[in-house]
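Please put together the full structure from these sequences, using the hints given.
One-letter residues, chain by chain:
Protein chains: 2
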Amino acid sequence: MRNVTKENITEVFKSYMDKDMAPRTREIMSALVQHLHDFARETNLTHEEWRQGIAFLEGCAAIESDGRHEFVLASDVLGLSSLVDMLHSSSKSTSSSVLGPFHVSGAPALPVGGDMKRDFGGPVLLAEGVIRDTNGDPIPNAELDIWQTAPNGLYASQDDEQDTFSFHGLMTVGADGAYAFTTVKPVEYTVPSDGPVGDILRACGRHPWRPSHLHYIVKAPGYRTLVTEIFPDDDPYLDHDTVFGVREDLVMTYVEKPASAFPDGLELSGKVQEPFLHVKFDVVLSPEA
Amino acid sequence: MRNVTKENITEVFKSYMDKDMAPRTREIMSALVQHLHDFARETNLTHEEWRQGIAFLEGCAAIESDGRHEFVLASDVLGLSSLVDMLHSSSKSTSSSVLGPFHVSGAPALPVGGDMKRDFGGPVLLAEGVIRDTNGDPIPNAELDIWQTAPNGLYASQDDEQDTFSFHGLMTVGADGAYAFTTVKPVEYTVPSDGPVGDILRACGRHPWRPSHLHYIVKAPGYRTLVTEIFPDDDPYLDHDTVFGVREDLVMTYVEKPASAFPDGLELSGKVQEPFLHVKFDVVLSPEA
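These protein sequence lines map, in sequence, to chains A and B. Take 1 as the starting number for the first sequence in the numbering used here and just add one per residue. Take 1 as the starting number for the second sequence in the numbering used here and just add one per residue.
The reader is advised that the hints may include incorrect statements.
Any copy, or any two copies together, can satisfy a pair, since identical chains are not distinguished.
List time: in silico DSS-like cross-link candidates among lysine-lysine, alpha-carbon distance up to 27 Å [to be verified]:
1) K280 - K219
2) K219 - K271
3) K6 - K219
4) K271 - K117
5) K6 - K185
6) K6 - K92
7) K185 - K19
8) K92 - K219
9) K185 - K257
Bear in mind the hints are in silico, worked out from the structure with no lab data behind them. The structure displayed is predicted, hence computed values, not measured ones.
As structure tokens, this is what we get:
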């Protein structure tokens, strides 16, 4: 087609694709370019606005590194990461939520009842629950990968002051499917806002805050792996999570209890002198497709 | 909104934007995210496909440099660059076409009738025409910035063997609006295909070729600057330009003429011994808005 116009260019693009290409690639590329072109036509996108878009991508490129994933962050604050999560969440399992860019794989084993708080200050939080199947039966030997921020709002991967696996633990539950661990109450924190994604947040009058949460990845043979987060119900950012990660079934009440109520058989048993927080959160896995 | 769902996330995104933000930014961001989310919902985009998208952006970032503009190239082969051009083209002027990433600003002056061929081999092409307004009247003293590939298919900015301004010239026309210059016939060439954009072309069964062309930027006080290209009508890639730059009014016949027909008063007059090619191409500028 030598007479390309603003009306026919999307069809010309589609006509360039080979009939023998992978059907799913054709579906993705056709939809991507249809929406890209419709976006430009609907907004009557100017050359200067196009240059700003290119400058945004080049600005992300300039700071992209092993420790800084600006394109992932852009996907997060635009809601794309959460949308992809929700598109592939099972309605019968616990809701999934964003993995985020801060997880460090290969954490050391944390026994059931173990402590992640160590010498850090802040209120003790005892989190416990049972890993269950969709019938409510416990899943024996499930693996629970746990991580969170330190009290300063930073993950170990962002913070030279912390050990590599600070506030990371890998727990294998027993035959009863039960998990339990102590930690400090997680805190709300900001996503990095000193780059091009921060510029977008500011241009939209948005803040960079995420509500406080614990991260879990839960795995068991025969079940779909679940990536999720648990939020306390008193966090001020629950209704404005800048990466759209909050789901109603992931919001839990942290109950304050006296030190005397701290249960036996845990690593911190007998060592808790102040009131502590307690949250019960069962996790439901759906079977593999 | 703490109960974000795949159905409501686009509205939640819009609700996060501040009421006092710039209206045009709101319009652009709303349309961008609506289309991004609709794309993901319509294709039921998987986590693995999302990861491939992020890997594409990170792959572009890894090779982005002063000499390699992979994000611009992505926009070009997806038709976005040409679409933005066409959205802001005037129907009364000569059609615009893509600037491309290879232009070098600040070329030395080329007098009317001057030669850009110098010692390069290949058929002599004499290009001439008149810069006119929309009434057909000549525009005196218009400035014509001309560039093209060398016979090896490379622009000066891509080729260490060429001078900085090889096959670049900046011509100021006289009171009659007429321009003329000699060069070699441009050749078809490929866009860079050794990066992530090349991977997309291959996945779509597409070639990386552009039809041969001369590039012009035409400027005159009181008129909209025109960025355009002139294509010979015998090029095999006219109907499959990989960056969608061809418009019907930019396709011209290069007429072969005997050496004896070469006109007087040009830099190569009296020096042309073989048949040469001749193209006449008038350029129409529309008034500034």
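Worksheet item: Should K271 paired with K117 be assigned to within, between, both, or neither, using CA atoms and 27 Å as the limit?
Response: within (12 Å within a copy, 87 Å between copies)
Worksheet entry | Same-copy or cross-copy closeness of K185 to K257 [CA-CA at most 27 Å] | within (14 Å within a copy, 85 Å between copies)
Discussion item. One pair to classify: K185 and K19, alpha carbons no more than 27 Å apart. Within, between, both, or neither?
Written reply: neither (56 Å within a copy, 34 Å between copies)
Item to complete: Tell me, please, which holds for K92 and K219 at an alpha-carbon limit of 27 Å: within, between, both or neither?
Response: within (16 Å within a copy, 64 Å between copies)
Worksheet item: Between K219 and K271, at a C-alpha cutoff of 27 Å, which is it: within one copy, between copies, both, or neither?
Response: Neither: 31 Å inside a copy, 80 Å across copies.
Worksheet item: Given identical chains, is K6 near K185, meaning Cα to Cα at most 27 Å, within a copy, between copies, both, or neither?
Response: neither (55 Å within a copy, 29 Å between copies)
Discussion item. Cα distance capped at 27 Å. Does K6 pair with K219 within a copy, between copies, both, or neither?
Written reply: between (49 Å within a copy, 24 Å between copies)
Worksheet entry | Intra/inter-copy verdict for K6 and K92 if alpha-carbon distance must be at most 27 Å | Only across copies: K6 and K92 sit 16 Å apart there, 46 Å inside one copy, limit 27 Å.
Discussion item. Treating 27 Å as the Cα threshold, decide for K280 and K219: within, between, both or neither.
Written reply: within (19 Å within a copy, 71 Å between copies)
In summary, the structure is inconsistent with hints 2, 5 and 7 from the numbered list given earlier, while agreeing with the others.
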